[in-house]
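*Asks:* Okay, here's what each chain looks like letter by letter:
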Amino acid sequence: MSEEKAPRILKINVLRFDPNDENDVPHMQTYEVEEAYGMTLFVVLNEIREHQDNSLMFDFVCRAGICGSCSMLVNGRPTLACRTLTSKLDENISLAPLPLFKLIKDLSIYSGEWMRGLNEKLETWIHDKEQEINVDKLEERMEPALADEIYELDRCVECGCCVAACGTIQMKPDFVGAVGLNKVARYHLDPRDKREDEEYYELIGDENGVFGCMSLLGCQDVCPKDLPLQSKIAYLRRMMLTTGLKS
Amino acid sequence: MKQKVIDKMPAKLDFIQSATGLVLALFMWGHMFFVSTILLGKDVMYQVTIFFEGYYFFGESYPIIVSILAGAVFFIFIAHAAVAIRKFPSNYKQYTIMKNHIHTFNHGDTKLWFWQIFTGFAMFFLGSVHLYIIMTNAADIGPYASADRIVSDWMWPLYILLLLAVELHGSIGLYRLCVKWGWFEGKDAKASRIKLRRAKYAVTIFFLTLGFLTLAAYIKIGIEHKDHAGERYQMVQSVSQGVKI
Ligand code: HEM
Ligand code: SF4
Ligand code: SF4
Ligand code: FES
Chain A
40 MSEEKAPRIL KINVLRFDPN DENDVPHMQT YEVEEAYGMT LFVVLNEIRE HQDNSLMFDF
100 VCRAGICGSC SMLVNGRPTL ACRTLTSKLD ENISLAPLPL FKLIKDLSIY SGEWMRGLNE
160 KLETWIHDKE QEINVDKLEE RMEPALADEI YELDRCVECG CCVAACGTIQ MKPDFVGAVG
220 LNKVARYHLD PRDKREDEEY YELIGDENGV FGCMSLLGCQ DVCPKDLPLQ SKIAYLRRMM
280 LTTGLKS
Chain B
111 MKQKVIDKMP AKLDFIQSAT GLVLALFMWG HMFFVSTILL GKDVMYQVTI FFEGYYFFGE
171 SYPIIVSILA GAVFFIFIAH AAVAIRKFPS NYKQYTIMKN HIHTFNHGDT KLWFWQIFTG
231 FAMFFLGSVH LYIIMTNAAD IGPYASADRI VSDWMWPLYI LLLLAVELHG SIGLYRLCVK
291 WGWFEGKDAK ASRIKLRRAK YAVTIFFLTL GFLTLAAYIK IGIEHKDHAG ERYQMVQSVS
351 QGVKI
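Taken in sequence, the protein lines are chains A and B.
Position 116 of the first sequence, counting from 1, maps to 155 under my numbering, and the rest follow consecutively.
Position 62 of the second sequence, counting from 1, maps to 172 under my numbering, and the rest follow consecutively.
Since the hints were derived computationally from the structure, they do not count as laboratory data.
All C-beta atoms, glycine included, are put in the ideal place defined by N, C-alpha and C.
Some hints here could point you the wrong way.
Said to hold, decoys possible - With a cut-off of at most 30 Å between alpha-carbon atoms, the simulated DSSO-like pairs for lysine-lysine come out as follows:
(1) B:Lys203 <-> A:Lys160
(2) A:Lys141 <-> A:Lys211
(3) A:Lys127 <-> A:Lys44
(4) A:Lys285 <-> A:Lys211
(5) B:Lys203 <-> A:Lys144
(6) B:Lys197 <-> A:Lys285
(7) B:Lys336 <-> A:Lys50
(8) B:Lys305 <-> B:Lys197
(9) A:Lys127 <-> B:Lys305
Stated by the list, open to error - Covered stretches of chain A, going by a simulated chain B footprint (3 or more residues, C-beta under 8 Å):
(10) 110-117
(11) 201-211
(12) 238-247
(13) 260-270
(14) 273-284
Whenever a hint applies, use it, and build me the whole structure from the sequences.
*Replies:* Spelled out as structure tokens, the structure:
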């Protein structure tokens, strides 16, 4: 039988800061954790909190890539910690909170507030223009292919990775980002949403919307749900251009 | 239903940016093929020159045609710069944020963007100098005249930088046009993007190689012709007819 290789000792460098503590300054703290088979960063962080430092703060809910809570910068790259296997990484791992969002403490951020603002700004709900709601009316049928396409875009978990990866939004925080553009594309596809192209143009037809995107495609390359952000942004851009150039 | 009044300007500006960028980038391809004819010999380059001066249409050379062409390109160039300047970091804070982001994120396409901004900025100066000189000295294009300008009039350092800037900027720009508007996206956008990026590198290398070979050819001629700088080229054929002064 071949000898088992000794497990690696991972050096986890965490950027720590408590904005509510006046005496605190952002600083790095290193923890050493013995790697185990199939270990994810979710396991690593819980290991640290349980056995080494219970003051370390970070967010997890589903630990399965569904809730979008555990997004952070792993070696500078935005991603979901619960879906990141340590075996894919070097021994030295740096963790930092996603930039741009409100920092709660250490790796924990308040992305919900930001996402809520975005959803309100872009009105990401069905606008059907019917005056009265008739609960007895049957919903219109939809082609399965179209339903699939909409569902594909609905898979966004609002993790904010695309926001952290976007150079444009770092420089210009009013930009709606790929998450916002993806949502608009989703409602535009939906036949139940009766908004005119001009109304969509009012939402994203400017430098804070689709024309502000500089096509750096950081969003596309980090989205943990692998959404077709590049194609959808290009699609919106074409559509908004036609709307804008129309008389 | 009430008609919405929308501000069409952002759409128009994006269109102008892309359209002028596309025209300039394709023009630069053509331009490179024309100037590189010097590699096929002085006669070929001379014929291309007088072609653009209308010699084959009017039987006589009119450099004013080249002036007008250069003026038109200058106009498009200025329009492009005016619109694209919106994308520059607009203060030191934005610049540092972007620099940090590029540094920590380590992402290929974001780095390409930095180079595009950098080369775009450089071309404000490099491109303007070149275009103005060509526009105002359109008669002084030819195997000797151009080589003299490069060597005896000290244009070669500027041309080296301009060549690097324009080839990087142009091919990155064309790549960005494709991903930005969804051209050549096909069924699998990811696979096509990889192909597009490869094509981009190939185009850059091709035009940089051709460009430097061409520049070297002019420099060689310029050095050989240094003592006669200012003299104009005559085709060998004309010499045999005894036209040479
Ligand atoms: C003063 C000279 C120039 C400046 C300041 C400039 C600046 C820029 C900038 C900042 C961008 C990026 C726009 C973005 O991120 O959305 C850009 C795009 C582009 N540039 Fe230039 N540029 C100049 C000259 C040229 C020239 C000579 C060419 C031709 C080779 C060219 C071709 C392009 C192309 C094809 C694009 C992509 C257009 C787009 O994204 O819509 N540019 N330029
Ligand atoms: S688009 Fe992707 S990266 Fe952006 S918030 Fe949604 S799931 Fe996260
Ligand atoms: S393509 Fe780039 S600029 Fe546009 S949203 Fe994505 S990361 Fe941001
Ligand atoms: S914990 Fe829910 S996505 Fe990671």
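*Asks:* Hints numbered earlier in the text: which of these fail when held up against the supplied structure?
*Replies:* 7
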